[in-house]
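S.K.: Single-letter residue listing:
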Amino acid sequence: MIETKSLSYAYGLGNFIFKDFNWAVQQGETWAILGPSGCGKTTLLYLLAGLRLPSSGEVLISNQVLTRPRPHTGLILQDYGLLPWATVRQNASLGLRVRNFYGPDGTHAPENYLPHVQVDPWLERLGLVALADKYPAQLSGGQRQRTAIARTLALQPDLLLMDEPFSSLDAPTRESLQNLTLELQAENKLTLIIVTHSIEEAAVLGRKILLLSTPPNIQAEVIENLTANQPEYRNSLEYLHLTQALRIRLEEFSTQEPAQSA
Amino acid sequence: MNRRDLLFGVAALLILWQLAAWIVQRPILPAPVAVGAVLIKELGRGLIDHFLVSLWRVLASTMLSIFIAAPLGLILGQSQRLNRLFSPLVYLIYPIPKVVFVPVVLLFLGLGDAPKIVIIFLILFFQILVLVRDQAANLRPELLQSVRSLGAGRRALFRYVYLPASLPAILTALRQSVGTAVAVLYIAELYATQKGLGYYIYLNGSTLLNYEAMYAGIIAMSLLGLGLYFSVDWLEHRLCPWQYVS
Numbered sequence: 001m002i003e004t005k006s007l008s009y010a011y012g013l014g015n016f017i018f019k020d021f022n023w024a025v026q027q028g029e030t031w032a033i034l035g036p037s038g039c040g041k042t043t044l045l046y047l048l049a050g051l052r053l054p055s056s057g058e059v060l061i062s063n064q065v066l067t068r069p070r071p072h073t074g075l076i077l078q079d080y081g082l083l084p085w086a087t088v089r090q091n092a093s094l095g096l097r098v099r100n101f102y103g104p105d106g107t108h109a110p111e112n113y114l115p116h117v118q119v120d121p122w123l124e125r126l127g128l129v130a131l132a133d134k135y136p137a138q139l140s141g142g143q144r145q146r147t148a149i150a151r152t153l154a155l156q157p158d159l160l161l162m163d164e165p166f167s168s169l170d171a172p173t174r175e176s177l178q179n180l181t182l183e184l185q186a187e188n189k190l191t192l193i194i195v196t197h198s199i200e201e202a203a204v205l206g207r208k209i210l211l212l213s214t215p216p217n218i219q220a221e222v223i224e225n226l227t228a229n230q231p232e233y234r235n236s237l238e239y240l241h242l243t244q245a246l247r248i249r250l251e252e253f254s255t256q257e258p259a260q261s262a
Numbered sequence: 263m264n265r266r267d268l269l270f271g272v273a274a275l276l277i278l279w280q281l282a283a284w285i286v287q288r289p290i291l292p293a294p295v296a297v298g299a300v301l302i303k304e305l306g307r308g309l310i311d312h313f314l315v316s317l318w319r320v321l322a323s324t325m326l327s328i329f330i331a332a333p334l335g336l337i338l339g340q341s342q343r344l345n346r347l348f349s350p351l352v353y354l355i356y357p358i359p360k361v362v363f364v365p366v367v368l369l370f371l372g373l374g375d376a377p378k379i380v381i382i383f384l385i386l387f388f389q390i391l392v393l394v395r396d397q398a399a400n401l402r403p404e405l406l407q408s409v410r411s412l413g414a415g416r417r418a419l420f421r422y423v424y425l426p427a428s429l430p431a432i433l434t435a436l437r438q439s440v441g442t443a444v445a446v447l448y449i450a451e452l453y454a455t456q457k458g459l460g461y462y463i464y465l466n467g468s469t470l471l472n473y474e475a476m477y478a479g480i481i482a483m484s485l486l487g488l489g490l491y492f493s494v495d496w497l498e499h500r501l502c503p504w505q506y507v508s
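Sequence lines, in order, name chains A and B.
Following our numbering, the numbering of the first sequence begins with 1 at its first residue and continues without gaps.
Following our numbering, the numbering of the second sequence begins with 263 at its first residue and continues without gaps.
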């Protein structure tokens with residue numbers, strides 16, 4: 001589904017975040033990208049979204065080289081993604097209205113797209129019907145994020161990218177949205193890639209975890225976590241062992257950091 | 263402001279005026295009742311035409327400034343390069359009180375509506391330009407990125423993000439400067455015209471010495487300013503309801 005081939009990305013001259021970075025994601029997989037701040041997690045996600053372009057090498061999605069945002073990829077950010085002047089319903093239908101605006105041209109909208117603005121099933125699925133006429137300022141953080149999810153899923157993506165989507169939420173809301181995300185991933189057969197700085201979140205959501213360290217990232221360090229996404233996983237021994245192992249690994253990165261960032 | 267507060271404010275103003283008239287006891291400050299009677303009489307004798315001429319000048323310049331300043335503000339707000347190029351110029355001209363250009367504009371444009379419209383246009387233009395530009399430039403990059411990820415290119419970003427974002431900026435600019443605009447309209451209507459409330463007030467006050475009619479003109483001009491201010495307020499509530507939710 002996704003392949004990065006000798007991907008390099010640099011800020012300015014020679015400030016490499018990724019260098020000859022090779023990594024692959026199969027269709028329907030659930031990945032968490034974990035690493036300390038400044039490791040390039042968000043940069044990688046933006047590269048996958050087509051919002052940034054590699055300095056060299058390429059990103060392939062469904063065997064196509066990515067040069068711009070792709071209609072079947074959904075992106076959800078931590079915050080500020082909703083239009084403040086639009087209601088929940090208008091925000092949820094924004095992606096569809098953008099598609100209707102261009103028509104099925106293959107770049108902004110899929111070629112087989114039939115114009116519509118029907119988002120009610122998604123508002124229902126995400127428990128937003130009662131809030132449909134409210135503005136983002138009137139919503140809690142969790143409700144805002146559910147609106148962003150409805151907006152993205154209404155476009156029927158096959159790949160969902162999320163950047164720290166739940167980190168500004170309180171713990172119970174975060175857990176319920178994590179569970180909801182996994183349900184939606186399974187229902188819609190999505191390939192899910194979620195960027196997080198939280199070890200617990202990576203362990204709960206990622207059946208595979210990509211660990212990034214202090215840049216430049218050259219080798220993809222992948223941790224398999226195949227028992228994740230099971231009910232009661234949060235209380236299991238595997239979860240405890242994995243979070244401990246990840247914590248140790250991240251601490252190793254932070255002790256390397258002073259030498260490398262100088 | 264709710265209706266009760268407004269009524270109370272009007273009543274307090276009328277009482278203060280009446281008290282002042284009693285104390286001063288001179289023809290240059292007639293009582294509100296006398297002025298009210300003259301106002302009604304004068305409306306039938308041409309005051310309404312002066313009012314409409316002034317209203318037309320304000321509305322025409324408002325429309326003109328919105329249609330020219332808002333797109334320019336959006337362009338500058340979107341392009342850092344253009345903004346860097348033009349911001350020193352805007353920075354220099356913005357704080358100049360545009361009323362000092364009244365004689366210059368009159369010299370260039372002469373008689374008629376055009377110089378009045380252009381002067382008010384100058385005031386509103388820079389206000390709208392700066393506010394729309396800053397609004398567009400300060401849109402959060404996260405918002406723009408997430409809308410781009412929905413498939414929006416430049417045109418759709420314009421339609422669904424920049425355009426609606428500029429609306430409150432335009433209305434804020436109008437609310438801030440509509441008072442100044444009417445004040446400058448008064449100055450502009452003192453010259454080279456025989457139409458408009460400025461002319462009417464000045465004519466009755468200084469030439470005809472009809473002080474009651476002069477005050478009737480002042481009331482008409484106040485109503486013009488208030489009416490415009492309330493209209494902008496009403497438009498803001500109608501067009502930007504999201505700014506008023508708790």
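Where hints are given, some of them may not hold.
To be verified - Just the calculated beta-carbon pair ranges, DEER-fashion: (1) B:Pro426 with A:Asn235: 44 to 52 Å; (2) A:Gly103 with B:Leu351: 36 to 44 Å; (3) A:Gly103 with B:Tyr353: 37 to 45 Å; (4) A:Ser140 with B:Leu314: 50 to 58 Å; (5) A:Leu60 with B:Phe329: 23 to 31 Å; (6) A:Val117 with B:Val507: 19 to 27 Å; (7) A:Ser140 with B:Gly415: 50 to 58 Å.
In case anyone wonders, no lab produced these hints; they're calculated from the structure.
Each residue gets a CB set at the ideal place from its N, CA and C atoms; glycine is no exception.
S.K.: Next step is simple, just say for each hint if it's right about the structure.
M.R.: Going through the hints against the structure:
Checked against the given bound of 44 to 52 Å, the beta carbons of B:Pro426 and A:Asn235, roughly 47 Å apart, stay inside it. At about 40 Å, the beta-carbon gap between A:Gly103 and B:Leu351 stays in the expected band of 36 to 44 Å. For A:Gly103 and B:Tyr353, the hinted distance range of 37 to 45 Å is satisfied, since their beta carbons lie about 42 Å from each other. As the Cβ distance of A:Ser140 to B:Leu314 is approximately 51 Å, the hint placing it in 50 to 58 Å holds.
Evaluation of the 23 to 31 Å hint for A:Leu60 and B:Phe329 yields a failure: the beta carbon distance comes to about 47 Å. Roughly 23 Å separates the CB atoms of A:Val117 and B:Val507, a value that falls within the hinted 19 to 27 Å. Between A:Ser140 and B:Gly415 the CB atoms are about 32 Å apart, so this pair departs from the stated range of 50 to 58 Å.
The structure fails to meet hints 5 and 7 from the earlier list, while all remaining hints are met.
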